[in-house]
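Protein chains: 4
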Amino acid sequence: MVTNADIVGATGYTGQELIDILLNHPNVKITGLYSTTQEPKPISDILPGLKNRTSLICKKIDKKELVADKSHVVFLALPHTHAMDIAADLMRAGKYVIDLSADYRLKSTSVYEKFYNIKHKDKTNLSKAVYGLPEIYRQKIKGAKLIANPGCYPTAAILALAPLVATDSIELDSIIIDAKSGTTGAGKKTTQELQFSETDEDFKPYKVNIHQHMPEIEQELSKLSGKNLKLVFVPHLLPLKRGILETIYARTVAKSKPTSRGIISLYKKFYKGEPFVRIRKDADYPRLKDVVGTNYCDIAVGVFGKNIIIVSAIDNLLKGASGQAVQNMNIMLGYPEQTGLL
Amino acid sequence: MVTNADIVGATGYTGQELIDILLNHPNVKITGLYSTTQEPKPISDILPGLKNRTSLICKKIDKKELVADKSHVVFLALPHTHAMDIAADLMRAGKYVIDLSADYRLKSTSVYEKFYNIKHKDKTNLSKAVYGLPEIYRQKIKGAKLIANPGCYPTAAILALAPLVATDSIELDSIIIDAKSGTTGAGKKTTQELQFSETDEDFKPYKVNIHQHMPEIEQELSKLSGKNLKLVFVPHLLPLKRGILETIYARTVAKSKPTSRGIISLYKKFYKGEPFVRIRKDADYPRLKDVVGTNYCDIAVGVFGKNIIIVSAIDNLLKGASGQAVQNMNIMLGYPEQTGLL
Amino acid sequence: MVTNADIVGATGYTGQELIDILLNHPNVKITGLYSTTQEPKPISDILPGLKNRTSLICKKIDKKELVADKSHVVFLALPHTHAMDIAADLMRAGKYVIDLSADYRLKSTSVYEKFYNIKHKDKTNLSKAVYGLPEIYRQKIKGAKLIANPGCYPTAAILALAPLVATDSIELDSIIIDAKSGTTGAGKKTTQELQFSETDEDFKPYKVNIHQHMPEIEQELSKLSGKNLKLVFVPHLLPLKRGILETIYARTVAKSKPTSRGIISLYKKFYKGEPFVRIRKDADYPRLKDVVGTNYCDIAVGVFGKNIIIVSAIDNLLKGASGQAVQNMNIMLGYPEQTGLL
Amino acid sequence: MVTNADIVGATGYTGQELIDILLNHPNVKITGLYSTTQEPKPISDILPGLKNRTSLICKKIDKKELVADKSHVVFLALPHTHAMDIAADLMRAGKYVIDLSADYRLKSTSVYEKFYNIKHKDKTNLSKAVYGLPEIYRQKIKGAKLIANPGCYPTAAILALAPLVATDSIELDSIIIDAKSGTTGAGKKTTQELQFSETDEDFKPYKVNIHQHMPEIEQELSKLSGKNLKLVFVPHLLPLKRGILETIYARTVAKSKPTSRGIISLYKKFYKGEPFVRIRKDADYPRLKDVVGTNYCDIAVGVFGKNIIIVSAIDNLLKGASGQAVQNMNIMLGYPEQTGLL
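Chains as they are written, first to last, in the numbering used here: chain V, 6 to 347; chain C, 6 to 347; chain B, 6 to 347; chain H, 6 to 347.
Derived by calculation from the structure, the hints in this document are not laboratory data. Just so you know, not all the hints are guaranteed correct.
To be verified - Mimicking SDA-like on lysine to any residue, the simulated pairs with C-alpha atoms at most 25 Å apart in a straight line are:
{"no.": "1", "chain 1": "V", "residue 1": "Lys56", "chain 2": "B", "residue 2": "Pro280"}
{"no.": "2", "chain 1": "C", "residue 1": "Lys194", "chain 2": "V", "residue 2": "Thr195"}
{"no.": "3", "chain 1": "B", "residue 1": "Lys235", "chain 2": "C", "residue 2": "Val258"}
{"no.": "4", "chain 1": "B", "residue 1": "Lys311", "chain 2": "C", "residue 2": "Ser261"}
{"no.": "5", "chain 1": "H", "residue 1": "Lys56", "chain 2": "C", "residue 2": "Tyr340"}
{"no.": "6", "chain 1": "B", "residue 1": "Lys262", "chain 2": "C", "residue 2": "Glu176"}
{"no.": "7", "chain 1": "C", "residue 1": "Lys277", "chain 2": "H", "residue 2": "Leu28"}
{"no.": "8", "chain 1": "V", "residue 1": "Lys277", "chain 2": "B", "residue 2": "Leu28"}
{"no.": "9", "chain 1": "H", "residue 1": "Lys56", "chain 2": "C", "residue 2": "Ser270"}
{"no.": "10", "chain 1": "B", "residue 1": "Lys286", "chain 2": "V", "residue 2": "Asp25"}
{"no.": "11", "chain 1": "H", "residue 1": "Lys286", "chain 2": "C", "residue 2": "Pro47"}
{"no.": "12", "chain 1": "C", "residue 1": "Lys119", "chain 2": "B", "residue 2": "Ser265"}
{"no.": "13", "chain 1": "C", "residue 1": "Lys262", "chain 2": "B", "residue 2": "Ile181"}
{"no.": "14", "chain 1": "H", "residue 1": "Lys311", "chain 2": "V", "residue 2": "Tyr211"}
{"no.": "15", "chain 1": "H", "residue 1": "Lys133", "chain 2": "H", "residue 2": "Asn9"}
{"no.": "16", "chain 1": "H", "residue 1": "Lys262", "chain 2": "V", "residue 2": "Ile181"}
{"no.": "17", "chain 1": "B", "residue 1": "Lys193", "chain 2": "H", "residue 2": "Lys193"}
{"no.": "18", "chain 1": "C", "residue 1": "Lys260", "chain 2": "B", "residue 2": "Lys311"}
{"no.": "19", "chain 1": "C", "residue 1": "Lys119", "chain 2": "B", "residue 2": "Lys311"}
{"no.": "20", "chain 1": "C", "residue 1": "Lys212", "chain 2": "B", "residue 2": "Gly310"}
{"no.": "21", "chain 1": "B", "residue 1": "Lys34", "chain 2": "V", "residue 2": "Pro280"}
{"no.": "22", "chain 1": "V", "residue 1": "Lys311", "chain 2": "H", "residue 2": "Asn233"}
{"no.": "23", "chain 1": "C", "residue 1": "Lys262", "chain 2": "B", "residue 2": "Glu176"}
{"no.": "24", "chain 1": "C", "residue 1": "Lys56", "chain 2": "H", "residue 2": "Tyr276"}
{"no.": "25", "chain 1": "B", "residue 1": "Lys273", "chain 2": "V", "residue 2": "Asn57"}
{"no.": "26", "chain 1": "B", "residue 1": "Lys193", "chain 2": "V", "residue 2": "Asp289"}
{"no.": "27", "chain 1": "C", "residue 1": "Lys235", "chain 2": "B", "residue 2": "Glu176"}
{"no.": "28", "chain 1": "C", "residue 1": "Lys56", "chain 2": "V", "residue 2": "Val213"}
{"no.": "29", "chain 1": "V", "residue 1": "Lys212", "chain 2": "C", "residue 2": "Thr196"}
{"no.": "30", "chain 1": "H", "residue 1": "Lys228", "chain 2": "V", "residue 2": "Phe309"}
{"no.": "31", "chain 1": "V", "residue 1": "Lys56", "chain 2": "B", "residue 2": "Gln343"}
{"no.": "32", "chain 1": "C", "residue 1": "Lys34", "chain 2": "H", "residue 2": "Glu342"}
{"no.": "33", "chain 1": "H", "residue 1": "Lys286", "chain 2": "V", "residue 2": "Val213"}
{"no.": "34", "chain 1": "C", "residue 1": "Lys212", "chain 2": "V", "residue 2": "Thr196"}
{"no.": "35", "chain 1": "H", "residue 1": "Lys194", "chain 2": "B", "residue 2": "Gln197"}
{"no.": "36", "chain 1": "C", "residue 1": "Lys235", "chain 2": "B", "residue 2": "Ala288"}
{"no.": "37", "chain 1": "C", "residue 1": "Lys262", "chain 2": "C", "residue 2": "Gly231"}
{"no.": "38", "chain 1": "C", "residue 1": "Lys34", "chain 2": "H", "residue 2": "Gly298"}
{"no.": "39", "chain 1": "V", "residue 1": "Lys232", "chain 2": "H", "residue 2": "Gly310"}
{"no.": "40", "chain 1": "H", "residue 1": "Lys286", "chain 2": "C", "residue 2": "Asp50"}
Please model the complete structure; the sequences and the hints are all you need to start from.
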């Protein structure tokens, strides 16, 4: 059986990764590529690396055409706030929709509106959307029609903290996430800030404790803990293209005296059988190059007195976006979860 | 005695370098900073690295104000085609003008118009402008009022080839310049091409044999040789911020049998006493980090049969722009040539 | 059918790429990994990125064990001069050998000894070895037992020049290769020269016209032209990890007046049906990111008067090493040539 | 008056910076350069960037010669544990000694021996050494003969935390330092870890909570607070050459309700008149390029509920090493503190 897939936003960084993965996916045929291009043209004219690999044409985004397309599943790899213009129509047409933007992630529209500065237009589907983090929501993903594919920072953060939060092992008000991301995390839009001459040999924090991924992490960790949780979140921009590494700090609950060994064993149990989460040995912290180019999330944990340090690393374009999107598609459509990934 | 200097285009990369050099120049006082900013504001609000170093205000470019200013010398660090709107008025006001753009470099307006796609508006001053390459035109610079500060690629290329061309040592139709530049060579304007995610870990040729610096090099080498000379010029973009390195190839004239030693000695003689040209030993080729952050041009020459290989390296923002501009100012105003430069 | 493959030198950069490719190759099972490690240990302890992907053990290189191994094909990904210690025994044991080093590339042992500073120890197999450039030697590779896998610079250079040299289209003494490579081209041995603090933000030529890949290119182009050919070759080190881009200059033969269109058409004909050579449109020059991560060689050609400029780009670890090695294996063993590549 | 200065360890990264600074220092003459070189040779043969700038000879380190030298002040820019072999003799000869290593920083020899794995050999001078952080110890530095120049991480951390710790504004057990450094922080010794191919496009934590700079920071903050303080310290390696940025987290003391404005004003008061500390405006966090190439430490503070976030940035080779060393020399010898810096 072959699944027909459309990619909307095909020329952005997550779109390119989707093309790359799906061209090698044995069960998928890409049936449509859409972007902001004015004239239809071969995708390999826009992305010369694809020459000889595909003769697919990239067309201008057109809602009617998208609905009429013979696709079974549509990946929306669009900037935030654009997905909710399209998703409802696609769903009405009976298609599976995997949205890589933030539009269906935050269950509270007031939080969404505060952090994305726009009214939410599709509350109906918002309530149906499943947050596509397979390690937490696999069962729900199986029956989902609309996936809110998690943000890159939240993927690394939630996977890093879930075992502790779900087991009440840490003080809920003690979480500090010091996150570092490569530049593709900002997408392909052109800005002065992200010119090579500005970013090369530089390093900086940005959106200190006000980043739009903060409420997404808080929402999911609050669900896991059953309590309303707030955290400290400081993202930084790394002078490299791909990868997120988060160094996370938390304090153990009052009387517990955990050991690194005990906490590592807790993580291994929590993620037992997970194909894409790798728990590291004691004192063996991950680095970006262990995960870049893969769909893995590598996690190390260390206990130092009452402090727990967790280091979590992913490729922001794969486990943090397009790889996870395909993982979700595999689950939704009943393919083995790792198909086409790696 | 103190010279008052204005910098127009103060927030671009060459403007920043000028501020940096002139703040430490013992004979200069910066009297005005101008840029495209709408509201006057402290330059250290725009460039935080300057905080505590200067309280200068950056103002919007205004020709009248510039003319009325108490400056003796004005540095025009503007995109090409903007300088010729201002220079004439400044000169009429009796100011020395050092233009870092291409507007006064090409003596042929038809060549200018072909490569810069705009009519030349100030032919009067074009004929008076002195090409500010001190190693070739020092005497003329001493009496000049308007300096056409050379382009970055041309500075490295002309200094590398002048000794050979001026002595008829090579076949004039054999010159090939394979040039590589860091990203600041493109200036500070924002483009998709120069986003970090596009440029990092990449390398490419661009404007192959059609770059606007090619006619500038040809003009100057033709003057030195006394014959109309054409060359091959391929620039490439390096994933680094600063520096130009050019690997240049030429064939020796028919019956000559030069040696590396002989040619090196020719270069040493040609550049005897030059403070900013360093001729390397045999087989000791320069690299960017030997010159970045300095006003030096390092040159190595090797002879391999009938082929001569010349490697020339400069900092594109210093010897290739702002450093050379200050060197020119020092010559024009009678200060020791190295003042303020390293 | 499954082919058993051993990789000797598994922890170097080309060894890592071989593991990566072969783990996904549908017809190959990796049966042995060998390196300089003292104790046998899981390869994923040495290369943590491989955790969960393979449980293979990496063992110390031992000739007896290698010969006794159940492998059908052995990849030698060793530093130069080490392969010829092992290859003969492996061949006697009836195994296919693909040597990624230079040991079997140069047909003249005196040239080998001059450029690699060591006596050649295996002249018997040297004469049997087939130079593994499929686009030129596909038929010979089909029957080969020992492949001399081409060097990275030579792969890009020979593919770029073969159409011109084979058709007598250029002056044979006019070829200039200005080559630029990322740092993995130097392998994994630790040197001061290649420390991050030395290489980052730097660019330099090295081994100017004396690099050991020069005679390899000359040997192959001489064969193609039928005449003894010498060229100029200047390699440079780029501050990036992967990729080779060569800008090549040559002069057309005396009376010919070729056009870009004509020469491009010559290239397209020469490489018709080749799965891994992509000829670019006029004025559409390749950049590293078009080919990095792939087994493609992208080539552009432009004619400027009597000068021809060719730009050729490959991933030095794939088409320049491990990708090409697997391409050769596919041909030798009768698998479709692209299997496992891309 | 001219001060004669020797630099021991002249070819390392901090040694190079010292040469660079002192060649432009109006009151200093470099009288000797020493390194591990076997034969005396011009320093510009080792560091070609210095050609034309100095004809100084670099000699092999020889204690007798160093003592006999006509130097007034000696900068020891040596790897840890080498300085204490030399310092005592130099001091006996009446010279001022500024040690850039860790040998005289830790007042407890048992802590030194634990973190540097070697017995301390010069307890006499250890007790006399003054910790060279001018913003805290300026008065003591004025009368010092031996300066223990602070580590790079400690400089950024102590300056960032001193105002809070000295005023009892934070819970002492709540300090978390998430530190990121460029590669020159590791010095010039050659390691596999720091090869370009390993470090480029990568990012990783290292020595998590066991780094040797941790006890140095704890010692100094404990002194400032009057209590024995322990902190969490996680250093990371950035893929860039120069700069340290630390993101620091702490909790305010129980009942206080500080505001960002209030804390910023506390910092401005604490560092009033300091030439090299710049307190940023609210929400205006520093980045590396604001400080790289300068002797500044830029600090921003933000209050978020009970959490305080401090971001501190320095150039690790200047304020974090050689720049601060010259600042200390200026204070010791009575020169204006900023002389030669900037």
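Inset, instruction - Sort out whether Pro280 of chain V lies within 25 Å of Lys34 of chain B, counting only the CA atoms. - result: With Cα atoms ~21 Å apart, Lys34 of chain B and Pro280 of chain V stay inside 25 Å; holds.
Inset, instruction - Given the hint that Lys273 of chain B pairs with Asn57 of chain V, test it: the Cα-Cα distance must not exceed 25 Å. - result: Within the cut-off at roughly 13 Å; holds.
Inset, instruction - Could you grab the alpha-carbon distance between Lys286 of chain H and Val213 of chain V and see if it respects the 25 Å cut-off? - result: holds (14 Å)
Inset, instruction - Assess, step by step, whether the Cα of Lys212 of chain C is no farther than 25 Å from the Cα of Thr196 of chain V, and give holds or violated. - result: Between Lys212 of chain C and Thr196 of chain V the Cα gap is close to 23 Å, so the pair holds against 25 Å.
Inset, instruction - Given the hint that Lys260 of chain C pairs with Lys311 of chain B, test it: the Cα-Cα distance must not exceed 25 Å. - result: With a Cα-Cα distance of about 22 Å, the restraint between Lys260 of chain C and Lys311 of chain B holds, given a limit of 25 Å.
Legend entry - Hinted pair Lys228 of chain H and Phe309 of chain V, Cα distance within 25 Å: holds (23 Å)
Inset, instruction - Below or equal to 25 Å on CA atoms is what counts here, so check Lys56 of chain H against Ser270 of chain C. - result: holds (17 Å)
Legend entry - Given hint Pro280 of chain B paired with Lys56 of chain V - CA-CA distance at most 25 Å: Holds. Lys56 of chain V to Pro280 of chain B sits at ~11 Å (cutoff 25 Å).
Inset, instruction - For the pair supplied as a hint, Lys311 of chain H and Tyr211 of chain V, confirm whether the alpha-carbon distance does not exceed 25 Å. - result: holds (20 Å)
Legend entry - Pair hint outcome, Lys235 of chain B versus Val258 of chain C [Cα-Cα no greater than 25 Å]: Measuring from Cα to Cα gives roughly 19 Å; hence the hint holds.
Legend entry - Restraint check for Lys193 of chain B with Lys193 of chain H, where alpha carbons must lie at most 25 Å apart: holds (18 Å)
Inset, instruction - Sort out whether Leu28 of chain H lies within 25 Å of Lys277 of chain C, counting only the CA atoms. - result: holds (23 Å)
In summary, the structure agrees with every hint in the numbered list given earlier.
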